Amino acid sequence: MKSKYLEDLKNLLDDYQMDESERLDIINDYSEMYDSWGDKGLMNDEISKKLGHPRSIIKELTEGYRKVERPLPGSEKVISLSPFVATIAFLILGFGLDLWHPGWMVFLLIPVTAIIMEMGKTKNEHLSTALSPFVATTIFLLLGFLYDLWHPGWMIFIIIPVMGIWNSRYTMKKIDLLTALSPFIAGTAYIVLGMYGYWVEGWVVFMLIPMLGILHHKNKAMMLLWELLAIAGIVGYLYIGTTYADSWQYAWLTFVPFIILSFFNGDWEITVDKNNDYRLVIALSIAAFLLTGFLLNAWVVCWLFFLSIPVYSIIKEVGPKERIVALTPFIAVTIFMLVGYYAELWHLAWIIFIIIPMTAVVKNT
Amino acid sequence: MNSQFKRGIIEMCVLKMISREDMYGFQLIESISQEVEVNENTVYPILRRLTKQGLFDTYSKSMSIGAPRKYYSLTSEGKEKLDEYETEWRNFLDGVYRILGGSNYEE
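Residue numbers (the working numbering), protein chains in the order written: chain A, 1 to 365; chain B, 1 to 107.
Simulated from the structure, these hints should not be mistaken for laboratory data.
Only a predicted model underlies this, so the values are computations on that prediction, with no experimental measurement involved.
By construction, the Cβ of each residue, glycine as well, lies at the ideal position given by its N, Cα and C atoms.
Worth double-checking, as some hints may not be accurate.
[As the list claims (entries may be wrong)] Taking lysine-lysine and the DSS-like style, the derived pairs with C-alpha atoms no more than 30 Å apart in a straight line are:
no.	chain 1	residue 1	chain 2	residue 2
1	A	Lys-67	A	Lys-218
2	A	Lys-59	B	Lys-81
3	A	Lys-40	A	Lys-121
4	A	Lys-59	A	Lys-49
5	B	Lys-52	A	Lys-4
6	A	Lys-2	B	Lys-81
7	B	Lys-6	A	Lys-10
[Said to hold, decoys possible] Stretch-level coverage of chain B by chain A, calculated; a stretch enters the list once three of its residues show a Cβ under 8 Å from a Cβ in chain A:
no.	stretch
8	19-31
9	42-51
10	70-82
Just need the whole structure built from these sequences, with the hints factored in.
Here it is, written out as structure tokens:
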């Protein structure tokens with residue numbers, strides 16, 4: 001267990017430019033700490049937890065060190081060739097199979113290639129965050145063009161903020177990770193339930209968000225009471241609503257005890273200051289999403305507000321050198337969606353994705 | 001508290017503790033954490049950095065059980081740095097107390 005811990009740490013340290021002696025010093029320090037905690041009677045699992053997973057401490061240990069860049073073999077050639085390969089594929093699809101549309105989507109391969117090659121150099125953990133807009137856009141457009149499933153096809157874009165949060169998981173406590181993901185889990189569940197006609201009763205899935213938030217409360221007895229009132233509210237609401245005819249409009253009153261307790265229990269001692277800024281970004285993006293969705297009926301594009309979550313995470317966690325490359329997909333997707341949807345220029349809007357390989361090339365020169 | 005600010009203070013505490021007696025990393029963390037909340041991932045990088053800057057010397061001491069431990073001792077350069085930090089810190093605190101209204105200031 002100790003050797004595995006140290007091996008994981010060493011593998012992560014190998015990704016940074018530092019002297020072998022410094023690397024060895026860090027490994028030896030952690031070896032000594034591991035032994036010291038072992039002498040105190042802690043078990044392997046407890047020690048690993050105490051010291052922190054290598055992935056969660058690596059940032060602190062390598063502050064001021066640059067990541068080693070290991071270009072993937074032939075990456076420059078692959079980036080340079082990708083526009084030609086995409087063009088050839090486009091022409092073959094067009095002339096050969098008369099698939100000009102949606103064949104133009106092969107041009108999405110150009111930015112995808114650039115991102116993989118560029119961010120792959122430093123094994124950047126936000127690679128999948130940067131790729132998620134393309135995966136989501138491709139699936140969204142295919143669902144829309146081929147099956148006319150624009151709605152609920154747009155829901156695929158939820159994977160973008162989810163990936164952004166998921167890729168920051170090593171810097172968050174498990175409960176914070178769940179809390180951060182809960183709006184997206186609840187939102188997806190609600191829309192799926194709604195599609196089956198459960199719009200009225202389905203909204204209770206959003207109770208998942210406060211119920212996870214309550215778990216941060218320091219007073220365990222209060223936390224338990226709060227959770228019980230939430231569960232009682234849900235059960236009561238569903239029971240009254242489904243048992244008595246036309247009772248949904250007053251069934252929500254079962255949440256009154258929960259609401260009163262929430263109102264008078266304002267002295268939350270939340271211990272996760274570090275992630276409060278993430279919560280604010282998530283809360284603001286949800287508020288903006290709902291406001292523009294309901295007020296302007298712009299559901300197809302208002303999910304773009306969720307891009308602020310991975311964008312914030314990239315600005316905060318990715319080094320300045322790689323930041324611009326990681327951010328361009330989000331800028332491009334925003335422009336692509338707005339131009340594509342409002343001007344109905346999907347077939348031309350994809351050109352904006354060229355800014356991604358261009359950024360990568362400019363960055364490398 | 002701002003983490004950068006806290007790290008600076010911990011650095012001073014590390015210098016002070018080792019000026020009193022030579023210590024190994026874990027012993028130092030245990031001593032400091034009796035007064036201030038710290039963890040290994042904060043203290044060890046400080047120890048490595050200050051050693052690199054020549055403020056500490058290190059030596060190994062064999063133990064009856066287990067691997068030898070790395071002890072840290074303060075160099076003359078480290079002593080000078082500590083004096084400098086202590087003077088700066090006291091001046092800083094004096095200034096803060098004057099603003100807040102005395103060392104017994106309570107809100």
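Here's how the hints hold up against the structure:
1. A hinted pair counts as satisfied when its Cα atoms are at most 30 Å apart, and Lys-67/A with Lys-218/A does not qualify at roughly 39 Å.
2. Between the alpha carbons of Lys-59/A and Lys-81/B the distance comes to roughly 27 Å, so the proposed pair stays at or under 30 Å and holds.
3. For the suggested pair Lys-40/A and Lys-121/A, the alpha carbons sit about 41 Å apart, so the restraint of at most 30 Å is broken.
4. Using a Cα cut-off of 30 Å, the hinted pair Lys-59/A and Lys-49/A holds, with the two alpha carbons roughly 17 Å apart.
5. As the CA atoms of Lys-52/B and Lys-4/A are separated by approximately 28 Å, the hinted pair is consistent with the 30 Å bound.
6. The hinted pair formed by Lys-2/A and Lys-81/B fails the criterion: a straight-line CA distance of about 36 Å is larger than 30 Å.
7. The hinted pair formed by Lys-6/B and Lys-10/A meets the criterion: a straight-line CA distance of about 28 Å does not exceed 30 Å.
8. Coverage of the stretch 19-31 of chain B by chain A holds. Counting CB-CB distances below 8 Å, 3 residues qualify, and the rule asks for three or more.
9. Note: the stretch 42-51 of chain B has 5 residues with beta-carbon separation from chain A under 8 Å; the three-residue rule is met and the coverage holds.
10. With 1 residues having a Cβ less than 8 Å from any Cβ of chain A, the stretch 70-82 of chain B misses the three-residue criterion, and the hint is violated.
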